[in-house]
Every structure is written in C-alpha cells, then in structure tokens.
Amino acid sequence: MSANIAALLYLVAGVLFIFALRGLSSPATSREGNRYGMIGMAIAVATTLLTHFPSFGGLLMIVIGVAIGGGAGAFIAQRVPMTKMPELVAGFHALVGLAAVLVAAGAFFAPRAFGIGDANEIHAGSLVEMSLGAAIGAITFTGSIIAFLKLSERMTGKPILLPERHTINIMLGVSLLALTALFVGTQSGVWLLLLILASFALGVTLIIPIGGADMPVVVSMLNSYSGWAAAGIGFTLGNLALIITGALVGSSGAILSYIMCKGMNRSFISVILGGFGGEVAGPAGGKETRNVKQGSAEDAAYIMQNAGKIIIVPGYGMAVAQAQHALREMADILKKEGVDIKYAIHPVAGRMPGHMNVLLAEANVPYDEVFELEDINSEFGQADVAFVIGANDVTNPAAKTDKTSAIYGMPILDVEKAKTVLFLKRGMGSGYAGVENELFFRANTMMLFGDAKKTVESIVKSLAH
Amino acid sequence: MTDSTQQLLEKAQAAAEAARHLAEQAQHYSDELAHTAAAAAAHGLAGGAIDPFVFRVAIFAMAVFVGYYVVWSVTPALHTPLMSVTNAISSVIIVGALLAAGVEGMTAAEASGSWWANAFGFIAVILASVNIFGGFLVTERMLSMYKKKG
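In order, the protein sequence lines correspond to chains R and D.
Start counting the first sequence at 1; every next residue gets the next number (our numbering).
Start counting the second sequence at 1; every next residue gets the next number (our numbering).
Accuracy of the hints is not assured; some may be wrong.
Claimed, not checked - No farther apart than 30 Å at their CA atoms in a straight line, the calculated lysine-lysine pairs in the DSSO-like style are these:
| # | chain 1 | residue 1 | chain 2 | residue 2 |
| --- | --- | --- | --- | --- |
| 1 | D | Lys148 | R | Lys454 |
| 2 | D | Lys11 | R | Lys417 |
| 3 | R | Lys335 | D | Lys149 |
| 4 | D | Lys148 | R | Lys84 |
| 5 | R | Lys461 | D | Lys148 |
| 6 | R | Lys84 | R | Lys293 |
| 7 | D | Lys11 | R | Lys335 |
| 8 | R | Lys417 | R | Lys453 |
| 9 | R | Lys309 | D | Lys11 |
| 10 | R | Lys336 | D | Lys149 |
| 11 | R | Lys262 | D | Lys11 |
| 12 | R | Lys336 | D | Lys11 |
| 13 | R | Lys419 | D | Lys148 |
| 14 | R | Lys342 | D | Lys147 |
| 15 | R | Lys417 | D | Lys149 |
| 16 | R | Lys403 | R | Lys262 |
| 17 | D | Lys149 | R | Lys454 |
| 18 | R | Lys419 | D | Lys11 |
| 19 | R | Lys342 | D | Lys149 |
| 20 | D | Lys149 | R | Lys453 |
| 21 | R | Lys342 | D | Lys148 |
| 22 | D | Lys11 | R | Lys453 |
| 23 | R | Lys461 | D | Lys149 |
| 24 | D | Lys147 | R | Lys84 |
No lab work stands behind these hints, which were simulated from the structure alone.
Next comes chain D alone, as it looks inside the complex (with noise of 0.2 Å):
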C-alpha cells in the first residue's frame, strides 16, 4: 500500500517537473512571439494594431463555418424560400448603394467623379431594393402556405 503510495509520489513530481519545463518553454515562446510582434509592429503596421483587414478575413471564415452548419439543419421541404431568403439578404449590399448615391463631391476635381457614382448608387439602389422587398416577401408567401394537418 505505502508502496504504491510511493509510486503515485514520485509520478506526480514527475509530472509537476514535467509541466515546470513546459511552463518555461512557453513563457520562453511568448517571450519570443511578443518580440517578433513588437518587430512586426514597428515595421510596418501603424501604431502595433493589427489590420482590420485581418480581423475581416476572421469573421468571414467564422460566418462560413456558421452558414455552413446552419444551413445543412434546413429542412429539405423549405430549400426553395431558403433560396428567396438568401436572396433577400444578400441585398443587404444596398448599404453600398445608399454611399454611392448619397455622395456628394468636395472639391471640383470630385465632382466628375461622384456624379458617376451618384448615378450607379441610384441604379443599384433600385436594384438592390426590388431584391430586399421582392425577396423577403415572396419567401413571407411561400412560408405562409406551409401548414401541418388539421
């Protein structure tokens, strides 16, 4: 009993040295990966931030994965107002049709330019808009002729 008592000692110390020895090499990697952050910072990224570019390309993965699991629990019986509401969503591009034509040129040499860009927001705002209402509720009349029995 006192035996493997003993034993059960001597493992744990092993592990405990063991994991000390992890610890140290951690601490040194962190060390090592703060430095090669700081470098990265001072060459080139303003301020040591890291670029919201970086944080964009992260949240698009994460969204794919979610759409990905999100849309296999879609029912086979509602794929096609799964189609019409993506659809609808995906307008939600107007946002870059509402700047487009909303702008308004600064100075002389804007002006030619944002006339352009007035004139391709305007359209696209019509286009983006006959998806938006268009798409949500065709989907709103499709789901609404689903009924269970009785």
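Just chain R, with the same shape it has in the complex (with noise of 0.2 Å):
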C-alpha cells in the first residue's frame, strides 16, 4: 500500500471520529454516530498493520496485546454500574496518558520504524513533538489517577493543599521546558525518562488541592488533555487520524471545562488553582439553630397526589443513593394519576457533565421528559411540587441574592418558586461548596432525611395504598 493511499485511508478515519461525535447532537442518531467512530477506529488499524506488516513476533504480541486488552475493556463496559462512569471515565484517561508516553518512549528507541530518522539522529523537530506527547501524556496520567481515586473515594474529596503549592507547580513547569529543551540537544535518553518523571508530579500536584465539587471541571480538562497528548504524538508519526482526533478530542474537553465553569460561574484558573470547598465559606453567624419542617414519606406522598405538575431536580447524592430507579417507579405511579412530571438537570449536577441524564436513561425515564437548567427553570412558578433529590448548592438562592457568599453568581435552578419544596437529604449538612442553603427554613420547604432510595421506596409504597 502506498504511503498516499494510507495517508487517505487515515484521512478517513478522521473524518469518520468527527462523525462519531456529529452523531451525538441528538440521542436518535447518536448510535450511529458511534458505529462510524468504530469503523475509523478499524480502518486505521487496518492501514497500519498493512503499511508497516509487524514481524512474526510482533504480530503475535499484537494479537496477544490487542485481546488482553480488549477482553478487560469489555468486561469493564458491560459490567461497570452507571452511578461509575466519572471513575471509569478518569481511569480511561489515566490509560490514554500512559499510552501516550509509552508510544513516544517507543518512537525514541525505534525511530526509523516511525519514520522520524536514525537512532541518535532523530530530527529536532520529532524531538519536540514528541517530548509534548510524552509530558502531556504524562501528567494526563498521574493527573488522572488522583482523580479516579477522588471520584471513587479512595482518597478525600477535600482539597489536599501542600505548601507553596504555586511555587512547585511553576518550578515543575520551568523544569519541563529546561529538560525538554536539553533532550532535544542531546538526544539522550535520561532527559526523556526526567521530562517524564517530572510530568508525572506535575500531574499529580495540579489535581490534589482540587475539591470534589469541582471534579465535573478536572474530568473534562483531563479529557482535554488526552487530546492533545495524541495530538502530540500524532505530529511525531505525521499520522493523520491522530492528528485529527487529537485537535477533536483537545477542543471536546475544553468546551466541557467551561461548560462546567460556567456552571458554577468560577473562572478556569480558580478551579486549577484549587482550594475550593476545603474551609466552610459563607456568612459566619455560629450553629444554626433555626428549626426546619421534618415530614414523613406519607406526608409527602399525600403532597404529590395532589399536585397538578411536579418538577424532580436530581443531584450526586441520587447517584450516591441508586435512587434513580425507585424514582423512576414514583413517577410512573404518579403519571397514571394524571400528574405531569419533569425533569430539571443543573449542568454541574453530579461528578461530571451529563451525570444525571444517563442515570436517568438508565432508569427509563424517558429523555423528553429530562430538561435542561435554561429550558425549565421559568416552569418552576406553576409547578406545584419542587421534589429535590439529592442536590442542594445547585437550588440555594444565596446564588442570586448574597453577595458573600462562596457560590454567589452561580445559575441556580430556582426551586423555590414552585408551591412546595421537597428536600431529600442523608442530613443537615451543607453542600460541597460548605454554604448553608436558606431555602430548608421556608415555610414552603419540607425536608425528608435519611437514604434518599429508601425514602423515595417509602414514598412509592404510601403512593400504592
């Protein structure tokens, strides 16, 4: 095959992925949209394997290599539970990151395989390609591990700050460009192998002051990330299906980073800064001692039978639960009474963007039933029932109304202006961002503690009698 037709078999792959994701502008054609970034994903491999035939011994690594792998990811897609995904995602790119630097390290001891020139006289160029695909790929590892191990509570939620974080972060960054900038002179391998070891601290230090709340901006940054890091390495093998997906890859993450800042209307740099969500923030005023309205499952399944139309506004704490399924019952039993319900999504609701809506398609709630924040929020004034489910700093109205306070500017879904607002909790607790939320002392405001599955189960069977 010539090195013509393999460029255009890669020119189609790419634009192939750039169909994948076109196809996901709307659930109808989005399965489609996947079966397109599939065959790209074959075709490139195809053209591959037929361009540069591996030797017997390769290609039997290759076949071994391609169904270890292939047979764990597999297993880990079909069995992974939904309320997982922002684990699963963050540990999907730990894993591009390390591919990344393990392909430049391979590029760097087998440069004419990659057409990058002669062992010690690889091209300077190549040099620096490769060494951004390396320390991107890198950091975009270690990076990602800490946030697997954050989303899945291995390791706090809480920001970890380490002392002069700022200045290691920037002496780590200055050291990058010092090794990267001796590599390419020396072309010796010991700067490639530091270049490495310091991305991965660098990876490590820019995650660990970052809070939990904030994890919806580190999965999509990371995701970022990993595109640029195959981009990187796409530059270096002059590949252009990994160019073009990484530049499409590169643009996805960031759009989502700041899909998700907006979200929480906080600048990128004060999320990567961190720090958010450690010390409680807000009006001091001592404990509070104001009382709430504690009611019952029944009482609240009395509210509902008797509303006309019910907005349900989901958040991490349904994921934390499993409650989406019992909810999903509980809607069901009130349909047939004859009421309306819908669904009201924050776009920071739940660990990473659109959380909440493939929880929810996981539990059949159907998808034209499932609202976004600027589309529902003015449905809230002739709603009857406001049923919040484990959400809390994404309904506080201090949002709007106080200054000083941590999550002030934030869009917020306005909660408090339907007739009555169920508030489920595990407790008194404030949020993540460690605001106190004014609407659980209204008078309009019911709070129902404890698991929100239970509770929701509870409702469901007063619901039947």
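Build the complex from these two chains, which are given one at a time in their own frames, with help from the hints.
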C-alpha cells in the first residue's frame, strides 16, 4: 500500500471520528455515530498493520495485547454501574495518557520505524513533538489517577493543599521546559526519562488541591489533555488520524470545561488553582439553630398525589444512593394519576458533564421528560412541587442574593418558586461548597431526611396504598 | 436621463480603471511572492515542496475548529457519552503502539533499541485496547438506554 493511500485512509478514519461526535447532537442519531467511530478505528488499525507489516513475533504480541486489553475493556464496559461512570472515564483518561508516554518512548527507541530519523539522529522537530506528547501524556496519567481516586472516594474529596504549592508547580513547569531543551539538544534518553518523571509529579500536584465539587471541570480538563497528548504523538508519527482526533478531543474537553465553569460561575483559573470547598465559607454566624420542617414519606406522597405538576431535581446524592430506579417508579405511579412530571438538570449536577442524564436514562426515564436549566427554569413558578433529590448547592438562592456567598453568581434552579419544595437529604449538612442553604428554613419547604433510595421507596409504598 | 447615463458610464469607466490598477498591483505582488517562494525553496526546502509539517499544522488547526463547532452542537444530555466516545477515539494512538510493538531491529546496534520499543509498544497496545473496546462498548451501552416517551 502506498504512503499516499495510507494517508488518505487515515484521513477517512479522522472524518469518521468527526461523524461519531456529530451523531451525538441527538439521542436518535447517536448510536449510528458510535458505529462510525468503531469503523474509523478499524480502518486506522488495519492501515497501520498493512503499511508496516510487523514481524511474526511482533504480530503475535499485538494479537495477545489486543486480546488482553480488549477483553478487559469489554468486561469493564459490561459490568461498570452507571453511577461509576465518572471514575471509569477518569481511569480511561489515565490509560490514554500512559499509552502516549509509552508510544513516545517507543518512537525514541525505534526512530526508523516511525520515520523520524535514525538512532541518535532523530529530527529536532520530532524530538520536540515527542517531548510534548510524552509530557502531556504523563500529566494526564497521574492527574487522572488522582481524579479517579478522589471520585471513587479512595482518597479524600477535600482539597489537599501542599505548602508553597504554586511555587512547586511553577518550578516543575520550568523544569519541563529545561528538560525538553536538554533532550532535544543532546538526544539522550536520560532527559526524556526525567521529563516524564517531572510530568508525572506535575500531574499529581496539579490535581490534589482540587476539591470534589470541582471534579466535573477536572474530568473535562483531563479529557482535553488526553487529546492534546494524542495530537503531539500524531505530529511525531505524521499520522492524520491521530492529529485530527487529538484536535477533536482536545477542543471537546476544553469546551466541556468551559461549560462546567460557567455552570458554577467560576473562572477556569480559579478551579485549577484549587482549594475550593475546603474551609466552610459564607456568612459566619455560629451554629444554625433555626428549626426546619421535617416530613414523612406519607406526607410527601399525599402532597404529590394532589399536585398537578411536579419538577424533579436530581443531584449527586441520587447517584450515591442509587435512587434513580425507585425515583422512576414513583414518577410512573404519579403519572398514572395524571400528574405532570418533568426533570430539571443543572449543568454541574453530579460528578461529570451529563452524569444525571445517563442515570435517568438507565432508569428508563424518557429523555424528552428531562430538561436543561435554561429550558425549564421558568416553569418552577407553575409547579406545585419541586422534588429535590440529593441536590443542594445548585438550588441555593444565596447564589442570587448573597454577595458574600462562595457560590454567588452561580446559575441555580429556581426551586423556591414552586408551591412546595421537598428536599431529600441525608442530613442537615451543607453542600460541597460548604454553604448553608437558606431554602431549608422556609415555610413551604419540607425536609425528608435519610437515604434517598429508602425514602423514595417508602413514598412509592404510600402512593400504592 | 441621458445625463445620468453619462454619469453611470463615467463611473463604470473609473471602476474599470481602478480594477485594472488593482490587477496590475496583484500581478506585481504575486510575481514578488513567487520570487520569494522560489528563493525560499532554493534556500532550504527540498525540491521546492512545502514541508509536510506545515500541512499537518493546517489540518490540526482546521480540526480544532471542526471540533469546536461539532462539540457545541452536542446536546448536554449526551455529555457523558461524549466523554466516553472521545476517550475511545483518542485511543487511535494505538497506531503508534502497533508500530513500536511490531518493529524489528535491522542491525545489531538497532536490536536493543527495538527490544525496548517492542516492550513499550506491547504495553501500549494493551492499554489502548482496553480503552478502545471499553470506550466504544460503554458508549454503546449508555446510548442504548436513551429512549423517547412511549
């Protein structure tokens, strides 16, 4: 196969990847898009194997590698519960990052196969591209591992603040530049190794100060990084499929980070600098002593049975309690009784972009009952009940009124405009931003304490009576 | 009536004159450009061809823009599948892993280097495969759950 045909086939693969993302503009076309992505991947792999036919031993290793990796991947894909998607995505980012590092190292050891020069005479441009791919890949790897540990709660979700952390990061950043220069100048693998190690360290120090509530931004950002790492390697290989994919994924992650930051009214820089949600912010005033109105599942069932329109607001607490199936069951009963049910999703609800939508889809909630903040916010005024399950900060009116609040300016769901607000919460604790929610103390609010899933199940029981 | 026709004619003539002038200038610039390009080619770039790197940068820049518009059109409800599918497609990095895993040292000096390349390539093939299969299949699984009313 000629190099030109190969380049064209890689281009075709890249275009198919664009179609894969294009399909996601609507759930109706999304699965078709995913197929295009798979075909693109098959074309890219086949083209590489045909143009650089591996040695017998090499082919054997490739087959074994694909069997092990593919088997593990397929197994994970079938088994992972939908509530664990954020961890899974973070884990996958780590793999892409590490693969980029390994491919860069492979290119360094076998430059001729990659068409970037001979051993010890690699083109300077390729060395720079290789360093970029390796460094970004390494940052993605360790950063994603930290994100994975935080999301799966194997590590505290609270920000971990190293002393002089900004100085450490700046020094690591400068050393990356110096090591790249040394590597390009001397072509010695030692510098490449040090570069990779310094990048590993930077990945850790960048992500540990960022708190659990900011994880949607972090996951999106690491998504973006994994794309830029792939693009860096794509330049080293001169491979169009990789360059196009890297650019697509890089900009996709960047846009998602932007959307998440906007959803929290925080600048990207302030998220990256970290430390948010560590100390309790907001107006100080000692311990809260006001009373809240507490209700039972029977009360909630009674209120909802007599309602005409209910808007359900799910949050991370629903994911933790795995309450989505019980919730849908409750909605089904109410719908049969003629109640109008809609779902309202805040952009940063959950731990990653679109997290709540997936959970509701898993519980068979039709996607045309699920609305984004800007499409439904005006409807709370006509709603009889706002049913808030496991969400807190995204409903806090302090974001609109209290300039001293840590979440001031964040767009919120106007649940307080509904006639009755039902709050399902584990306890009286404040949300991840560490801010007290004024809504809990209002006359039209009723609190239902306990595990969200159990509470919803008892509501279902009361409704059935 | 004839007056205004006269005026129009004059205007058209003036415009034609201006266009001719511009064309001359453009000719001049393009000559100069060709001259510089030829000089540049003679200076360094082999055979007067543009370095492939420039094309790659161009494609990269275009793809960033394509990505920008395509991703903005993704419905927020599908942001999680978007992340998992971008994850899967970025594993096209497997093409690099395949090269490294399949390489064979031609000379004795290359043999040790290719051994390392094989080892790194093998691990990278495993990692990328986890992502490719895991990413596409989990996306498929998620997307199959999105259903319309009724």
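Quick rundown of the hints versus the structure:
| no. | hint | verdict |
| --- | --- | --- |
| 1 | D:Lys148 - R:Lys454 | holds, 28 Å |
| 2 | D:Lys11 - R:Lys417 | violated, 66 Å |
| 3 | R:Lys335 - D:Lys149 | holds, 12 Å |
| 4 | D:Lys148 - R:Lys84 | holds, 24 Å |
| 5 | R:Lys461 - D:Lys148 | holds, 27 Å |
| 6 | R:Lys84 - R:Lys293 | violated, 33 Å |
| 7 | D:Lys11 - R:Lys335 | violated, 73 Å |
| 8 | R:Lys417 - R:Lys453 | holds, 25 Å |
| 9 | R:Lys309 - D:Lys11 | violated, 69 Å |
| 10 | R:Lys336 - D:Lys149 | holds, 14 Å |
| 11 | R:Lys262 - D:Lys11 | violated, 54 Å |
| 12 | R:Lys336 - D:Lys11 | violated, 76 Å |
| 13 | R:Lys419 - D:Lys148 | holds, 29 Å |
| 14 | R:Lys342 - D:Lys147 | holds, 15 Å |
| 15 | R:Lys417 - D:Lys149 | holds, 27 Å |
| 16 | R:Lys403 - R:Lys262 | holds, 17 Å |
| 17 | D:Lys149 - R:Lys454 | holds, 27 Å |
| 18 | R:Lys419 - D:Lys11 | violated, 71 Å |
| 19 | R:Lys342 - D:Lys149 | holds, 12 Å |
| 20 | D:Lys149 - R:Lys453 | holds, 24 Å |
| 21 | R:Lys342 - D:Lys148 | holds, 14 Å |
| 22 | D:Lys11 - R:Lys453 | violated, 80 Å |
| 23 | R:Lys461 - D:Lys149 | holds, 25 Å |
| 24 | D:Lys147 - R:Lys84 | holds, 21 Å |
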